[in-house]
Amino acid sequence: MSFYEDLQWRGLVHQTTNDAGIAAWLDEKPRTVYAGFDPTADSLHVGSLMGLVVLRRFQQAGHKPIAVVGGATGMIGDPSGKSAERNLLSKDELQKNVEGIGQQMRKFLDFDANDNGAVLANNFDWTGSWTYLEFLRDVGKNFPVNVMLAKDSVKSRLGRSDGPDKSATASDDASGMSYTEFSYMLLQAYDFVHLNDEHGCELQAGGSDQWGNITAGIDLARRMGRPQLFGLTWPLLTKSDGTKMGKTESGAVWLDPLRTSPYQFFQYWVNVDDADASKCLRMLTDLSREQIEDIETVQTAHPEKRMAQKQLAEQLTLLVHGQDGLEVAEQATSIFFGAEIADLNDEQLGQIFSEVPSKELSTDKLGGDGLAIVDALVEAGLAKSKSEARRTVQQGGAYINNRRVAGLEQTVTNADLASETTVVLRSGKKKYALLRFR
RNA sequence: GGGAGGUUUCCGGAGCGGUCAAACGGGUCAGACUGUAAAUCUGAUGGCUUAUGCCUUCACAGGUUCGAAUCCUGUACCUCCCA
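Throughout the first sequence, residue numbering follows the working numbering, covering -18 to 419 in sequence.
Certain hints may be false.
[Said to hold, decoys possible] Derived SDA-like pairs: lysine to any residue, alpha-carbon spacing no greater than 25 Å straight-line:
hint : residue 1 : residue 2
1    : K365      : E341
2    : K367      : S315
3    : K346      : Q304
4    : K411      : E341
5    : K225      : R38
[Unchecked claim] Cβ pair distances, simulated, as ranges:
hint : residue 1 : residue 2 : range
6    : S71       : E179      : 52 to 60 Å
7    : G331      : L268      : 29 to 37 Å
8    : E369      : E341      : 19 to 27 Å
These aren't lab readings, by the way, just hints derived from the structure by calculation.
The C-beta atom is built at its ideal place from N, Cα and C for all residues, glycine as well.
Make the full structure from the sequences, and use the hints.
Following this line, the structure appears as structure tokens:
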């Protein structure tokens, strides 16, 4: 199976600018490909995973990937897929974000390979020093406004309902767009030309919402006398219910362990719907076609084993957080789902329960008869009042180190320390809190 | 400007002088079931050293009564109707 066929099988090809020839073109010799990333935060999130994984695949197949962080375009805001004008970020914020993102990319791309080492570029570097007049003369001149107006990304924002897809063009939220956003396309188009000049980049990949920007770049290159360039888009990663992948009630799922812990990250994937799991396996993991098909067979026969979700979580956590992150996530998972907590040290507990609230108490409390379970629950913040704590215990919903509390008379003593200083309390299925005794 | 009505525990909403910490529904929290799902079922749901006890709560402030969320007076806010 060729590289391109593999991409297709994985469902990573949505549209290309040359369906007939691109497979052979990619096989012919190593190509240079680029994809852009939005520096709206100092970390990437699951939404950006597709781009990273696609570039990674290209690199593994021998092609040279360029990750472009939009330091310049980020100052303007891509109107594609947005329904409203975007807030602009300051230069400093963007600089910080670009650095953070570049760091994360190292996990996906090899920047040191000899022949096809990945390149990280920031388009602010080649656009930041432009003057307005230069830009208008060199780039703007090559953009017919009527063509720009015909792009879906523009059309939907202007609320014109004469597009090919009338239903998607919600004319009732015609919020309009500023001249600044209108110009976004020109900047991204020029990126492609620049990368072709500097790195011989011939292919731009992006999400399907980037199609208009990609073709704009190809058009611009032609008008400016550059070679024929190519474009490829992947489908947007959506869930079977139509919503975006990588969002939880509490916000985006980030790749930065400080924003989304390895455990939470792992859990996100374990909880993916059955209907979406195998799609994600294909698109996002490095597993081979055979492996994935095996998993799918098991999944169909025994959905309750959640094989696809487990594999997905394991593969992606390993990729994003490394072996250590995966181990912590798995350990945390077994503990959060009932395994008894014992024989751990403070450091392990601290990692596993990093986002669990904790409270420090004096060691004295453990002496004598110990600390009454009801008081312990209140101290740990798991119950608002003693009455509430009492109810929880009576209903069998209180746990010390994942062992169910037998009754109201039970106390927390030295024997209950799960590590040097810490007792893990739990109320109900998922609510944990730590008591640290100093 | 004239007229009518409302304000209750997280929300909606009963309550019409004692048996009201206050029906019922929703939510929430526990438990069971389960695939770390959904649905369902069970229990709990003001606080207090769990008590046939005490304290705080029915817009706010006073009053009548042995006794008030319930009656009266005033204050604030809200809704509706007629101009």
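A quick look at each hint next to the structure:
no.	hint	in the structure
1	K365 / E341	holds (17 Å)
2	K367 / S315	violated (30 Å)
3	K346 / Q304	violated (39 Å)
4	K411 / E341	holds (21 Å)
5	K225 / R38	holds (23 Å)
6	S71 / E179: 52 to 60 Å	violated (27 Å)
7	G331 / L268: 29 to 37 Å	holds (32 Å)
8	E369 / E341: 19 to 27 Å	holds (22 Å)
Hint violations for this structure: numbers 2, 3, 6, all remaining hints satisfied.
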